[in-house]
Every structure is written in C-alpha cells, then in structure tokens.
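Once you have looked at the hints, place chain B on chain A.
Here the protein sequences come in this chain order: A and B. FYI, my numbering numbers position 43 of the first sequence as 43, with every residue one higher than the one before it. FYI, my numbering numbers position 94 of the second sequence as 94, with every residue one higher than the one before it.
By construction, these hints were calculated from the structure, which means they are not laboratory data. Glycine included, C-beta positions come from ideal geometry on N, C-alpha and C. It cannot be assumed that every hint is accurate.
[What the hints assert, rightly or not] Sample of chain B residues lacking proximity to chain A, with all beta carbon distances greater than 10 Å (derived): (1) ALA23; (2) LEU75; (3) SER107; (4) ARG118; (5) SER132; (6) MET183; (7) GLY230; (8) THR234.
[What the hints assert, rightly or not] Which bits of chain B does chain A cover? Going by a derived footprint, with three or more residues having C-beta under 8 Å, they are: (9) 121 to 131; (10) 258 to 267.
Here is how the chains run, residue by residue.
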Amino acid sequence: MLQTIFQRLGLSVFTLGFVSVVVFFSVEALPGNICTAFLQRFAEGPRLERCIAEQGLETPAIQRYGQWVVSAVQGDFGTSLKQRREVADLLAERFRNTALLAGAAAAIGIPLALVLGFWAGLTRDRPSDLAISTIAMLAMTIPEFVTASVLIFVFAIVLNWVPAVTILPPSAPLVDLLPNIVLPVVVLAFLMTAHILRITRASVIEVMASDFIKMAQLKGVPERQIFWRHLAPSALIPVVNTIALTFAWLLGGVVVIEQVFNYPGIGNLMLRAIYDRDLPLVQAIVLTFALIYVVANLLADLAMVLLDPRIRSAQDRA
Amino acid sequence: MVARPRSSGTGGPRSHLLHRIMARPSGVIGLALTLFHVALALLAPLLSVHDVSLPNADTINLAPSWEHLMGTDSLGRDVFARVVHGGQLALMVTACAAAIAITWGGSVGMLLGVVGGRTDEIAMRFVDAMLSIPSLAFFLLMASVVGGGAWTIVPVLGFFYGVAVIRISRAATLQVAAQDFVMAAKARGERTGTIMRREVLPNVSSILLVEGAMQWSWMLLAFSSLSFLGYGATPPTPDWGLMIASERGLLAVAPWSVLWPCAALSTLIIGINLLADALGKALGVDRTREVPG
Chain A
1 MLQTIFQRLG
11 LSVFTLGFVS
21 VVVFFSVEAL
31 PGNICTAFLQ
41 RFAEGPRLER
51 CIAEQGLETP
61 AIQRYGQWVV
71 SAVQGDFGTS
81 LKQRREVADL
91 LAERFRNTAL
101 LAGAAAAIGI
111 PLALVLGFWA
121 GLTRDRPSDL
131 AISTIAMLAM
141 TIPEFVTASV
151 LIFVFAIVLN
161 WVPAVTILPP
171 SAPLVDLLPN
181 IVLPVVVLAF
191 LMTAHILRIT
201 RASVIEVMAS
211 DFIKMAQLKG
221 VPERQIFWRH
231 LAPSALIPVV
241 NTIALTFAWL
251 LGGVVVIEQV
261 FNYPGIGNLM
271 LRAIYDRDLP
281 LVQAIVLTFA
291 LIYVVANLLA
301 DLAMVLLDPR
311 IRSAQDRA
Chain B
1 MVARPRSSGT
11 GGPRSHLLHR
21 IMARPSGVIG
31 LALTLFHVAL
41 ALLAPLLSVH
51 DVSLPNADTI
61 NLAPSWEHLM
71 GTDSLGRDVF
81 ARVVHGGQLA
91 LMVTACAAAI
101 AITWGGSVGM
111 LLGVVGGRTD
121 EIAMRFVDAM
131 LSIPSLAFFL
141 LMASVVGGGA
151 WTIVPVLGFF
161 YGVAVIRISR
171 AATLQVAAQD
181 FVMAAKARGE
191 RTGTIMRREV
201 LPNVSSILLV
211 EGAMQWSWML
221 LAFSSLSFLG
231 YGATPPTPDW
241 GLMIASERGL
251 LAVAPWSVLW
261 PCAALSTLII
271 GINLLADALG
281 KALGVDRTRE
291 VPG
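Just chain B, with the same shape it has in the complex:
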C-alpha cells in the first residue's frame, strides 16, 4: 500500500523521506553501515598503502600489527588493504544486477497487471514455475554453462531476481489497475505503455524502490556465496567471499584473514537490509509477509 508522504512543514519530500528513515534506530544503523561501506569502496585506494594482489613471501600469515592492521594472509598480502577493497566488485556487480531486475521485472509485472486476463494467468504460471528452481542451483547451472566470472553473473542475477520482482510489481499494479483513474485512461483509449508510465508507475514506484533495495541485499548474499564457491570473483581480485574461501583452511593459524572479511561482508549486507526495511516502513510499504528467494 502506498502512503503518500504527509506534508508537515518545510522541506521537500526527499528530506522528509530521509527524516522518516532516520526516525527508527534500524534506519540510522542501516544508513550508517551502507554509507560507510560505499565510502570505503570509493576511498579504498587512499586508505591502504599496501598492494592488494602482489604476493610477498616475507610476510606470510603475520598477526595484526601497526604495519599490517589486520595482519597478512597466506600469500603475504595485507588483509586490511584487501578488506577495504573487497566490497568494490560486489557492490558494483549487485547494484547493476539489482537495477536490471527492477527494470525488467517491474515493467513485465506492470504490463501483466494492466493487461490482465488469460495472458496474465499463463505468464504467472511460468513465473511460479521459474521460482521453483532454487536460486543458487540456477546460478551454478548458468555458471557451468556460460562460465563463471563476476560480469557474466550480472545478467543472470538480474534475470532471475527480476522474476521475483514480476510478482511484486504485478500485485502492486493490480491494486492500482482497478481504480477510477486507470479505468478512465483505458476508456480514453490510452495506449498500454502510456497507462503504465503515467498512471501505474507513479503509484508502484515506492514499492519497486523498496523491493530493489531488498533485492540488492539478497544479491549481495548470492554473489558473495558464488564467489565463495569459486564462481563469482576470480583471484587475485580482492573480494570478501573469495578471501574467506581461500583462507578458511588456515583458520587455526591466521584467523584474522578470515574473520575480518566475514565482519565486512556481514555488516554490508545487514546495513543494506536494514536500510531497505526502514525505507519500506518510511514509504508505508508492507513487506512483512514475504520470503526472500
């Protein structure tokens, strides 16, 4: 359900939104963690003096010290440098994929909601069928077909999560489609595309925005899992999932090279998830009954 921003005093709707996100502790934490990680990804080259990918035989598995704040890994690389760089790829890949998912899933969902009837019914059967494939199994199948690698995963992630967005977008459109102004537009003989853009989109955009933010956090989870399994980022790229996978055998010897990437990855996903949740509550979008997939 879309709640219109209540106008209460000065400031545009955007500042109101920020205000309402910050009204909850979860919103403050989510926004802070997300901004922290985005800033870290952008400023990474300025923060670390050590090379992220060059192995160094003299500094293997060193404990944290002033020289190496988070210690060094099994190839003698500075863990701090790799951790601050580790979010760049994941953030870019998943942000692109989330944009694709929302765009295609959002438009197909709106189209089905507006067109309705038999087309809608049949298309939704296919959507439901598609959603019965576990996401990770699908990504792994695709990875084995087209080969792994971060950028080949973008369209795959975007496509698959977009299917889930179709349901959300269609359900939101159906709420709108029965209302007078959409009926009127249909009666005026407006084209379907125009109705979608002018009448439906403004009413479902906040739902899609919240969904996009949520999908972003699930995609980060999926992408880092793929990296962990060896089908996402490729070495020597500094990536948290990859770092955890390659160093976890030495957890007993050099736990810092596993636990720091764990902390970074968790805080980013938690941050985006909290932010999406707070955004949803601020915009009055109810998504308590949904299961991620």
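Same shape as in the complex, but just chain A:
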C-alpha cells in the first residue's frame, strides 16, 4: 500500500514536470520573446533592453527554465509584466475567489449528483431515468456561456432577483462576494452535477448487474440493506475518481463562467493576462491549473486505495 502511494506521488511529480516543460517551452518557441510579445510595437531601444534585463533573457533557455522551476517550487512565480505585482500574490487573491465559487458549486453539485445518479441508475430506462439523463446530457453539451446568458436574462433581467455581473475588486471581503456568486454557482453546479451523475448512474447499473447483488437479492436481504451494505460502497468507487477529474475539468469552465459574470477569479485573471500578453502570468496560471488537477487526482487515487479492498490486496500480493 505504501508502495502504491509512493508510485502515485512520483507520477504526480512527473506530470507536473512535463506540464512545466510544455508551458515553458511553448512560449520559448514563439518568434521573438516574452518582452517583444509584451511590448509589441514599442519593443525597441532602452525599453526593450530594460525588459530583457529584468526578465534575464540573456541567459540560455535551459538555465532560465531551471531557475523558473526552482523558484516556482518555492512559491515564487516572478513578477507580472503588466500589473507589476508578485504573481504569487495575484494568484493567491484570485484563487480564494475561485475556490469560493467551486466550493459552493461542489457543496450543491456533489450530493445532488449522487442522489440523482443513484435514482436514475436504479430506475434504468424508466421515465425518471430518461428525464434525469436527458437533462444531464443537455447540461454537458450546452456551452456554459449559453446557460449563463439565458439564466442572466431570466433571473437578473426579467425577474430582477440577482445581480447580473460582479462589480467588486478581487480583494473584496467574502461577505460582499456572496450575493454575486448565486448565478455562477448555479451554472457551475449544473455542469458538475451532470458529469458526476452520469458516471454514478453507469456505475450503479454495472454493480446492480453483478453476481453479489443478485446473490443478496436471491437470499432475501432487505432492499435497504442491499443498498447501503452492498450497492453503495462498490458503486461509489469510480465516482470518487470522477469527482476529482470533474473538479479539474471544470477549471476550463471556470474561465468562461468568470468571464460571463465578470467574477474576479483565477480564470478572469488568466484572460486578462492573455489580453495584456503578460506571458509570465499566463504560464504561472496554466501551471496552477495543472497543479490543482494533479492534487485532485492524487487525492482521488489515495481515496481509491483506502476504499477499494481489491487495489489494496492486489498490491499486498504483488
């Protein structure tokens, strides 16, 4: 079991290393450099020289990559070209806001997805399942900005219940942010619920068809006991992994949703950084996204090891 954990840990470090290479060298590959990209038509004379000196672009790329990684590990992502602030500070502030959004969406979405997923799976092909599955399919295919636009139209404009966009600085206290997160949380939770419930449903159907459930039914175990003792523990195993993946996958959705609602989160920061051609900031954000994914995945893997006796015993035998 300890070996599995170390293996997964090693894999996570490898993944982050690979992503850092992709993120760093895809920018290196562009014609010109960070400074010419940032300064555009003003990239000449003392201004360009100062920027090059500040960014240390005279040193070879490999050496700069090494320095970048070493300081990133220490939590130092350098300075934003445009905003002239520590990237780490910018990230921390925005991360808090996005975490609020994602956390609220998860608090609603995960329980809802589990209930609906089990319900759909247990009533397979009946009207309740068809209704739940259809809505889940719609939630997954309709772009976030379409759902958001329609919700803004209905709830902010026609009914006037909630504010349509956030007009607060990123460092606003959490209490002030709360009324603004209603609609974004609904959109995010809608998407999250759809993904998790689909896997839950499939998992429930698979487990219900397995021999040990049939056996329990045949020997007359009460329904309630079959559900809690036999079905739920097995059916939840793949769901744990999906929750982690969905969480990470939703980061892409967060970019769009934050843009629609003008919410001061990490996705919003990324779009602004791209607009400003502030590449050091963009690189740091993409790396942060990958870090969140890797950590979520690692936690899910560890949870699987703890939850699934098959993985544990397979490792012990090996």
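Just chain B now, with coordinates in the frame of chain A:
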C-alpha cells in the same frame, strides 16, 4: 467492443447502420438537428437577403419583425442573416480539427497498442501528463503564443483532442492485439504498419468513428467558447460564440440578438452529441464510462 452488423434481410451494411441509428428517438433527433444545421450552413447565402457584416445606423436593435425575422443587433445588422451564417466557420474548423485528431490520435494509439512494452508504457505516461492540462487553458496559452484566429486553432484543437483519442485507440487495439489473427500476422513477420492497417484498423474503425463524432461535438463546444472569449472567430465574421459575446451587454435591451445564437449553437452541439451517442449504440461501442476532456 465491436459488434459486427447483424445481417437481417436486404440492403447493405450502410443502410442497416442508418436504420439502427433511426431506431432510437435520440438518433432521429440527433440526425435531424445535425442535418438541419449542415443544410443551414450550406444554404445560408440563399436564405438571407440582408448583409451579414455591413453595419447600418438606421436599424439598430430593432425588435423582430417581418423585415428582420430575428430583429437586428447593436450595429444594425440582421440577426437572422447572421444566425444562419453563424455555423459555417465553426462547422468547418471543428470538422477539420476532428479529422486531424482522429487520424493522428488513432494511428499513434494503434501503434502503441501493437508495439506494446516499454515504449507504450512511457508514451502513455506522457499522454496522461498532457491530459492534466485543462483543455481551455491550453488553447488560451497557445492562442497567446501563436495569436488567435479560427484557422490557427485547427492544428491546436486537432493536436490536443488527438491526445485523448490515443487512449481510446490504444485501449481498443489492445483488445484486438491479443487475438490469434494479429499473433499470426506477427508470426508471419508482417511489418507493424501492415498489421495496423490490415488487421487492427478494421476492428477499431467503428470505435474511432464514434470517438470522432463525439470529439466533434466537444470541439464545437471548445471553439465556440474560444470565440466567445475573443480567441476564435474574429469580427465581423458571423459566428454564434462571437455574437453572444459582443451582444450580451445589451441583453436587457435587445435579447433576441443573444438568445437566437444561443439557441442555434445549443441545438447544433446537442444534435451532434445525440448523433454520436446513437452511432455508438448502433455500432455497439460502449462509451458510458468516459468523461470528455
């Protein structure tokens, strides 16, 4: 798992496939929506009398009427004309990107499945690592490096979604690779390329076809999101994502110029998704356990 088409009576395998897609309500709806949108994109110039990109100061934010079926936008352009043209670019870009993804992801996956061993193991580590970058973040990073624009996105979309296809294609190949006829081909000393083309491809092609259709719908989602964020289609191109982005500030004044493109975009993506799902079921490809990415 590949289910061979059951021969039951007359007609070629192709008509059987269509028949089996149409056997489900989701297949009928998916096929109808997809064909409707493809037809709309092809016939767009015949359907609209108004110019799609020329601003007109006299007709700003007009409500829907007989003259302007879906009203006009903030630059006085006819929304109906822009909506019927709005799918052309997205459909072309994503169809090309889906073809690239399936071709490269499919061949690399087959190769890894056939070769196996250490190469396969190491390559799959890189594939998994690549998939840990959220797709939209990757596209935005690329857009900031190579600049936005619809056609520069094609190879980026094709490459990134192809990585996900590698996994599918490899998994399908592994199912085949252990079977006697592949062993026999290896024993005969056939070249890897020949084995892939002659023995593996016919057995994984339906899985790749279904995957391609699914990828197409996820790419439409990604492309329209990029257009919405300003890194896909460029103004004044009529594109749904772009239209929603530029008009959404006036949602309270002229909701029609946002809600119609919303409806068009959603129905297209839903249509292709349903069609891909029905195609998968018709071909016996099980993809219930996959998460898009």
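Hints and how they fare:
1. ALA23: The claim holds: B/ALA23 sits with its nearest Cβ about 15 Å from chain A, beyond 10 Å.
2. LEU75: It holds; B/LEU75 is separated from chain A by about 19 Å at its closest Cβ, greater than 10 Å.
3. SER107: Fine: 22 Å to the nearest Cβ keeps B/SER107 off the interface.
4. ARG118: 16 Å, holds
5. SER132: Answer for B/SER132: violated, closest chain A Cβ roughly 5 Å.
6. MET183: 27 Å, holds
7. GLY230: 8 Å, violated
8. THR234: 15 Å, holds
9. 121 to 131: holds (count 5)
10. 258 to 267: holds (count 5)
In the structure shown, a violation is registered for the earlier hints numbered 5, 7, in ascending order.
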